[in-house]
Amino acid sequence: MARTSRKKLQKQLRFWMIYLWQALAKTLTVTELAYLQEQFALLGPNKNGYISLQNLKMALLKNSTDAVKYSRVLDFVSMVSSLQYRKLDFEEFAAAAVSVYQMEGLDGWEQHARSAYELFEKDGNRPIMIEELASELGLSPSVPVHVVLQDWVRHSDGKLSFLGFLKLLHGISSCSIPKA
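Using this note's numbering, read the sequence shown as starting at 33 and increasing by one per residue.
No lab work stands behind these hints: they were computed from the structure.
Just so we're clear, the structure is a prediction, and the values are computed from it rather than from any experiment.
Warning: the hint list may mix true and false statements.
Calculated cross-link-like contacts (lysine to any residue; reagent style SDA-like; alpha-carbon spacing at most 20 Å) [as the list claims (entries may be wrong)]:
1. K199 / M135
2. K199 / D183
3. K191 / W48
4. K39 / E164
5. K154 / I50
6. K199 / F47
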């Protein structure tokens, strides 16, 4: 794959993953969002409502807990740190704070997941070839990608399926998404 094409694909995948996590964050309850709003306020957003990624990273490293590690917040921060402005608004912060593993323990997990997928489908789902997805996930060329990922991408339009959405929520890491 040409270097320009690969960079474009990497950028597309980063935005895709950001949409994925933002969609899940949009399904949080009012109480959960209020708690996150308090946490966001502690990070000292500027007058425009943004926090710097540097402040967020420092706070996370200083106060890191197992919950932070399992939430994959550092993976999300790594993804968005390649973005142009290097700042997060509350919506992006909420997406970074979402823990799929903690949400799975809730009674309404299935509904959260379905609602998040519907939002993702509406706002962020874009066609991707299975081979491109496999390459960006760091799968070895020896892995039979059509067997492993065939249910992740809809054959009708090349977009991420609900199963693929769930798998990416569970398995994506900053190691598999190269930084710009």
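Non-conforming hints, listed in increasing numerical order: The structure conflicts with no hint, since it agrees with every one listed earlier.
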